[in-house]
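Visitor: Letter by letter, the chains look like this.
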Amino acid sequence: MASEMELVGTEVEAGPEQMIEAENVKKWFGNFQALKGVTTTVKRGEVVVILGPSGSGKSTFIRTINRLERHDDGRIVVDGIELTDDIRNIERVRSEIGMVFQSFNLFPHLTVMDNITLAPRNVRRWPKAKGIEKARALLERVGIPEQADKYPAQLSGGQQQRVAIARALAMEPKIMLFDEPTSALDPEMIKEVLDVMKELARSAMTLIVVTHEIGFAKEVGDRVLFFDEGLLIEEGTPDRFFSNPQNDRTKLFLSQIL
Amino acid sequence: MLSLMSEAAVERKVAPPLWRNIRVLRGFGQAVFVVVVVLAFRELFLNLQFGLDRQGQELNFEFLRQRAGFSIKEGISYNPNQSFVRALQVGLSNTLRVAVVGIVLASIFGLIMGVARLSTNWLIRKIAQVYVEAVRNTPLAVQLVFWYVAVVLALPSGVSGGLSIWNVAFISNRASVIPWVRAEDTFGVWAIFLVIGIAAALAARSWRTRVSERTAQPPRRFLWSLGTFLAIAAVGYVVAGNPVRLDVPKFVDRTYEGGAQLSPEYTALLLALVVYTGAFIAEIVRGSILAVPKGQKEAAEAMGLTPRQQLRLVVLPQALRIAIPPINSQYLNLTKNSSLGLLIGFPEIVSVGRTISNQAGGATQVLLIWMATFLTLSLTISFFMNLLNRAVTRRGERR
Amino acid sequence: MIPGSELPTDLERAPLIIEEERAVEVAPSKVPTTPGEWVRQNLFSSIFNGVVTVLSAAVVLYFGFQLLRWIFVSADWAVVKANLRIYMVGRFPLEEVWRVWASAYLVAFLIGLSWGVSGLRLRWTPRKAALRAVLGVAVLLVLAYLLEGLRIWILTLAIPATVAAGVLLGRAGSRRLRGVVIAGWVLVFPAIIVLLRAFDGVPPQVWGGFMLNVLLAVAATFLSFPVGILLALGRRSTLPIISKFCVGFIELFRGVPLVTLIISGQFILPLMLPPRMQLSLIVRMILVFTIFSSAYVAEIVRGGLQGVHFGQYEAAKAVGLSTTRMMALIILPQALRMTIPAMISHFIGLFKDTSLLAALAITDALRAARRASAQLEFIGDQKEALLAAALLFWVVTFSMSRWSQRLERRLGVGER
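Protein chains in written order, with my numbering: chain H, 1 to 258; chain P, 1001 to 1399; chain B, 2001 to 2416.
These are calculated hints, taken from the structure and not from any lab test.
Please note that a few of the clues may not be correct.
[Said to hold, decoys possible] Capping the alpha-carbon separation at 27 Å, the derived lysine-lysine pairs in DSSO-like fashion look like this:
id, chain 1, residue 1, chain 2, residue 2
1, H, Lys251, H, Lys218
2, H, Lys191, H, Lys130
3, P, Lys1126, B, Lys2317
4, H, Lys130, H, Lys174
5, H, Lys130, B, Lys2383
6, B, Lys2317, P, Lys1073
7, H, Lys26, B, Lys2383
Since this is a predicted model, take the numbers as computed values, not measurements.
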């Protein structure tokens, strides 16, 4: 047993080239099948953009990656750790994945600073000073260093979402998931959030982004996945995907949003 | 490299260690919980049985067959030679008598006071507010004792007839006597007419609805159905030849004759429950009407509805929907609070039960009976309120 | 259903303030300019309204006059005066009453301190000033009648003085004392128990009067808080057995009248406890009230938990918090904050319910009133005796509910 754990440990250190490996992932909500067998892999440092109409399962899919939803069938391996009912694996995977939500989900009873330092201090057991230092650096990076002592409700939507990004980055994750991060924002605030995301995309971070921002996909995306009715229908590089879609449903979808 | 890793992963999936498997942990946690709870209950139960053994008591309901031996002043027919079971039945009937009448009167009183709280008249508003603030912030037990000792028992002596209200009702410290309606032999005939009347009223209602949908006349459903019902009821009354009689009480030879006699305890308990619960219902009525957002009324106004229609079609249906759940819990509270009759010796089920367990022991069994009674009453009330709620909600959705 | 329009289902234990624009106007929307205008708008806006005003004014004046005459002329308040100590502390031994005074000062000081730290100030409009002046004079008059002897006057007046000292200290310390205040409130209850019992103190059997009503309510609220939170979490748990058990527990104790539990606490509870563990009647009553209260606290907390957006759970999980940490750091702080007004209302309800102790042989304020008016020289003075008890309760509950309303308004516009 001990030797096996060590083996796993060394594997994580070495780091497989495949960051996320999903194989035939299925998910039911009661009688409704949200995912009908999704298979894909995401490479280390890759920026993947997921498109699809609402109810296509794209959000459900990225939520199975950090176990906000439990997949009912198939296999998901994140950075060499398979998501099973093993409680330790779930905790390990979650602390390696940062997530940004459509509705920000900042903790309203905590200041911006406390929002960011909460997880590192309680999960990673960082000392207070280290957490604050890291948080200041992150707030600088997302462009709002002066808001550290405010409460979320005192910030604009765009600022809140940038805090949410900083909060996710504070755990020094290897992967960032974005679930429609700009959908709840007023138009003039979308750019400030996208700018932060683009900067992230150009770093070595692995990104999976569910969004309708085609510009973002074209500019920094390495690969585009198209979901419909619980299936991964088409994938490809942004150039090929947008200029020469193969599937009829993809064409229909693109004609509606472009 | 890739395939090697994947195989290792598959193996791990097959055998995640038990102490880290979420499903195993969940099952294990629940098992531990069950064991702890069972052990705790077992301990309590064994202690109880040991204690009862020492007192020479048994934990069954046999003792309820014994002769009661104590008298109960009011309620359905009963004498001390009957069993404890009968005594409990009397208690239950008294609980029901005070709870049902109390719920009806408290609703009416609370509705009036709630509307008064919203009156445009400053004085009325203030009177209602003083009432609500005074009653809500003092304990019901204190109010009940006050009504009983300081009001009802302080009424003029019953020996001299007490206060007479135009000679049709009497109030004294011995009893409150009110006129009552009694059925004659031919009541059955009239009852048939009444049922027919209700059916005809419903028919008239749906007929008016159709007429109004066809011709765009105002439906006046309520007037039509009421009129239909009254007409048929009147005909039936004549046909059956005075099926009911108004029994007006008289004061003869230092006693009351006829009418319905209410004991001082009943009067005090009813007064206390109605006044107390009425204050809470008034607040619910007021709060529910105020809780309907302004935008709703503005939208109704924009559609050209008259102020009356705005209130009737838009504001009140929504307010009713908001009000039903809290009113339900007030009804439950009133029913539970009827057990305060104990404080003034009103023989409802709790005080009868206490008398029994003082006399023959069996406190545990009596507690179980109380629990069963009140849980049943609560479920019954909630059931009817749920029906009402569903009816209101559905109507709201259809409109 | 319109969001935010739900009323608390249990009004007796939950406050009711709706600070929203209303569909129905309460008062005339035009602001009257002159007294005459005000009278016309508020009292005589129509013929019907005028008639109603005149009639109800006549009734109010008549009964008001009768009431005043009774209070100042016919009523004999000697029954209250002679039994004042029974009302307040029951059969608490005279030479140990200092313990009660000390507890009262402790609480008064904490109230003052919290007030000072909160930074709230009384607002003084001419109307409020007049109202407070009248109230102050009335209180002084009542005290002047009731209290005899310099010693008791000093002891009584020391209470407002302690509050004032607390306020001043609180203002001086301001935010820095916040932790002290919270710790103070958590520790005040055990401290009072120690004060009453330690160093050959007074056993619970002889606690009584209004003090007992307050103590019992505070003890039960305090003790039922953790139990209620656990029950609420259990009820919302995804583990079916635990959830069902909690539902059963909560619904059973909410569905049964408190009186039946009190009686069972008197007769059955002693049998159920281990023979070595014999608790006095009052301690058993604390236990009964705690169990009863925890069922209601659980429902209040559940309401608070439901008010926390599910995104908060997801965000907490996504940053890697374990379930325990998620609850302790993210969910409960938000949920409990929302429940503060309902908790105060629950406390008020529980406080009123403590008068049910009168059903047992315990001298609480209500029983004290009944005993007082049963004394030979005060036969026939039940009204006076009972009204005094009612007033004691009313002063506490009314001021608490007012405070709760203010608090709710503040929480409403706060950082949420």
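Visitor: Does each hint hold? Answer for all of them.
Guide: Hint check results:
Distance restraint check for Lys251 of chain H and Lys218 of chain H: the Cα-Cα separation of roughly 16 Å lies within the 27 Å cut-off, and the hinted pair is therefore satisfied. At roughly 31 Å between alpha-carbon atoms, Lys191 of chain H and Lys130 of chain H are farther apart than 27 Å, so this suggested pair is violated. A threshold of 27 Å between alpha carbons decides the hint, and for Lys1126 of chain P with Lys2317 of chain B the separation of about 52 Å lies outside it, so the pair is violated. Restraint check for Lys130 of chain H and Lys174 of chain H: the C-alpha separation of about 19 Å stays at or below 27 Å, so the hint holds.
For the hint linking Lys130 of chain H to Lys2383 of chain B, the alpha-carbon distance of about 69 Å lies beyond 27 Å, and the restraint is violated. Distance check on the hinted pair: Lys2317 of chain B and Lys1073 of chain P sit about 64 Å apart at the alpha-carbon level, beyond 27 Å; violated. At roughly 74 Å between alpha-carbon atoms, Lys26 of chain H and Lys2383 of chain B are farther apart than 27 Å, so this suggested pair is violated.
Checked against the numbered hints above, the structure breaks hints 2, 3, 5, 6, 7 and satisfies the rest.
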